[in-house]
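Novice: Take a look at the letters that make up each chain.
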Amino acid sequence: MSFEPRPTVQPWARVNKSRRAEIIFAALVPLAIAIALIAFGFDRNLTLVGVFLPIQVVSASVVGYRAFGRRGVGDAALIVFVFFLASFVLVLLASVVTSLVTQGSKALSWSFVTQNNIYVSNTTSLDYGGVGHAIVGTLMIVGLTTLVTVPLGIAMAIYLTQSQSKIKNLVRTLTQAISGLPSVVAGLFVFSMVLTFSWEKSGIMGSMALLPLMLPTVARVAEEALRLVPVDLRYAALALGAPNYRAFFQVILPAAKSGIITAILLGVARIIGETAPLLLTVPINNGTSWNIFSGSIMTLPAYIYGYLSSLFSTSQNRAWGGALVLMIIVAVLFTTTRILSRPKSMKSKPTKQKASK
Amino acid sequence: MSESSVTKPAPVRRKLSAGPLSRGDKWFFRTTSIAANFAFVLVAFILIFLFLQAAPALSSQGLPFITGSIWDSSADPIIMQIGPMIWGSVLIGAVGVVIATPLSISLAYLIVYMLPNRLASLATNLVDLLAALPSVIIGLWGLFVFSPVAAEWGATLNTYLGWFPLFNVSSADNGFGGSPFIAGWIVAIMIVPIITSITREVFSQLDRDLINGALALGGSRLSTLRRVILPTSSGAIVGGILLGLGRALGETVAIFYVLQLTFEINWGQILEPKGGAVASMILAKFGEATAAEVSGLMASGLVLFVITLIINFVASVIVNRAQPWRKN
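Which chain is which? The protein sequence lines are A and B, in order.
Residues 4 to 360 in the working numbering are what the first sequence lists, from first letter to last.
Residues 42 to 369 in the working numbering are what the second sequence lists, from first letter to last.
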């Protein structure tokens, strides 16, 4: 019996070459069958769920069985279902974004962003009229809410991270519970105050209605940001004789700066598209108004809402255009938060597995 | 020596406390605790003011306000009952949760246990982007793009599973638009990010030794998921589902466009174009409401607020308890 060199076995390599071909084959066959069936005129949804998915599960199970034996079968089914369901969500998201871009770009132009809506009827061409007044109104109302909410939310976060209070957990739970406040209830709340004190509906009422919706987001994200600052930094400052407030403003706040900005931006993104509270508390206006303390003022969500149910195609285009503008604002805010919250040094790879306990 | 120690009483144990030392600190902590207590004030104010305005309707309508199913503003005295709306909200919330839960758990499993780091963070960002979509945009998309597609799904379901009471309709001629099924899908899209983010966090914080142990004992992916991962994280997942349910009950604008509001209870035929939702009803009726009707809408808002507050509070307690690493 001659001595043969052992083949280099790599137990950690899950897939060898022939197996890889098998997997590609198993992935392509169900796809080909499904495409063929749809091309022959079968019902799309039924083919996807009733033909494609079962065949995919079976073919993956066969590969799994050949690779790992019986336990491979269940794994294969699990992987197929997980990918199918998760990609379904991504398809829905992609559908929202693509329809926004394709439909909204029809209306989008420089004049659409700058002009207001006076003298615009349902049949006016898309070259005239736009959302300029709504952008102004939204920025002013959201800006006022932000001015009030941010100090409040950060103070709440300080309380949740630094005080020794016994009701801290209750406050945290309640804040989280308020984050699920239905937006229409926030609007009704301010409207009930308007009725009780016989105030007047105006932009500032809209700001008030947005406050309870923004506060929990700011407080929670700011709390996370403050918690990421090592507690030793604070103790060091206190040990050097700094009072707590100087330790906060000169040590903790600078360290948590990007997290705090993220909290603010996420809060703004949360409320900038809120519709129901503004519909209930802010009178709409077709012209540009710079006064949020009295009178009517337009906002982007109200603009979209107003044109949404119209039967005229140009009006529907205006709704899509307004939605695209709103989405662009949200996307800019969102991207900024992602850039800010990116880990500082990319050298130390962020491991998914954090220290437990 | 012993006598003297008997006569002298033992010193009282002093309580050690460290209060704020400077005046600035005193104000600092006072301000923050006022801000924290604002959460309580806010909830109290909402309850008080809504109740003040809702009182006339509540006293004139009585208990049938939440059980009956007639809304007649031209009757004298006016009849306002929101039973079908409350039940409709619950039905839509249930459909939404049933759809969203498997989607969310799959997404979380994919992100934490299957994708490489870079793809995982990309997927996380996409899910968060989904959470950032304003509901009016979802409503716009739902009305023009999604509703026709979902109506097609509804028709398919009805054709092949129509014998099952849930997918039964009184007549296929009514079409399949405007049904609680479609509203449930819309709601599901909005709560998937909530459930996913909580599930993802609890998955990624799971003790790796547990999973490695299960794998070392010969467990497969499936058995590890079923026997180890899901049981240990079930608390947080249930909390996430409840948070999603609370959001679903309060969803207003998106549902407003895709649902046919009818003052008639639809017990469970989710494909029938007949449904209700408290929040959307408030929005629909608010524009032309008389003073008496406004009071009824305030009462509806109060009912909605109380229901969602209870659900959200319970959910938050569960989530906080299931995530001990969040406490400091």
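A portion of the hints provided could be inaccurate.
What the hints assert, rightly or not - Just some of the chain A residues that point at chain B, by a computed CB distance under 10 angstroms: (1) 31; (2) 53; (3) 56; (4) 60; (5) 91; (6) 99; (7) 103; (8) 162; (9) 185; (10) 242; (11) 246; (12) 251; (13) 326.
Said to hold, decoys possible - Derived coverage of chain B by chain A (criterion: at least 3 residues anywhere in the stretch with Cβ under 8 angstroms from a Cβ of chain A; other residues may be distant): (14) 145-159; (15) 309-315; (16) 321-330.
These aren't lab readings, by the way, just hints derived from the structure by calculation.
For every residue, glycine included, the Cβ atom is placed at its ideal position computed from N, Cα and C.
Novice: How about residue 31 of chain A: closest beta carbon in chain B under 10 angstroms, or not?
Specialist: 21 angstroms, violated
Novice: The hint names residue 246 of chain A as touching chain B; please verify it with the least Cβ-Cβ distance against 10 angstroms.
Specialist: Cβ of residue 246 of chain A sits 5 angstroms from chain B, so the hint holds.
Novice: Residue count check for the region 321-330 of chain B against chain A: does it reach three with CB-CB under 8 angstroms?
Specialist: holds (count 3)
Novice: Does residue 91 of chain A meet its interface restraint, that is, does its C-beta lie within less than 10 angstroms of any C-beta in chain B?
Specialist: Because about 7 angstroms separates residue 91 of chain A from the closest Cβ in chain B, which is inside the 10 angstroms limit, the hint holds.
Novice: Have a go at the residue 326 of chain A hint: is there a Cβ in chain B nearer than 10 angstroms to its own Cβ?
Specialist: 5 angstroms, holds
Novice: Closer than 10 angstroms between Cβ atoms is the bar; does residue 60 of chain A clear it against chain B? Give me holds or violated.
Specialist: 13 angstroms, violated
Novice: Under 10 angstroms is the threshold here; is the Cβ of residue 162 of chain A close enough to any Cβ of chain B for the hint to stand?
Specialist: Since chain B brings a Cβ to about 4 angstroms from residue 162 of chain A, closer than 10 angstroms, the hint holds.
Novice: Mind checking the CB of residue 103 of chain A against every CB in chain B and telling me if the closest is under 10 angstroms?
Specialist: 7 angstroms, holds
Novice: Can the hint on residue 53 of chain A be confirmed by a CB-to-CB distance to chain B that is less than 10 angstroms?
Specialist: At 8 angstroms from the nearest chain B Cβ, residue 53 of chain A passes the 10 angstroms test, so the hint holds.
Novice: At a threshold of 10 angstroms, is the proposed contact between residue 185 of chain A and chain B supported by beta-carbon distances?
Specialist: 3 angstroms, holds
Novice: Taking the least C-beta to C-beta distance, is residue 242 of chain A closer than 10 angstroms to chain B?
Specialist: 13 angstroms, violated
Novice: Confirm or reject the coverage of the region 145-159 of chain B by chain A under the rule of 3 or more residues with a beta carbon closer than 8 angstroms to the chain's beta carbons.
Specialist: Since 7 is at least three, the answer is holds.
Hints 1, 3, 4, 10, 15 from the earlier list are contradicted by this structure; the remaining hints agree with it.
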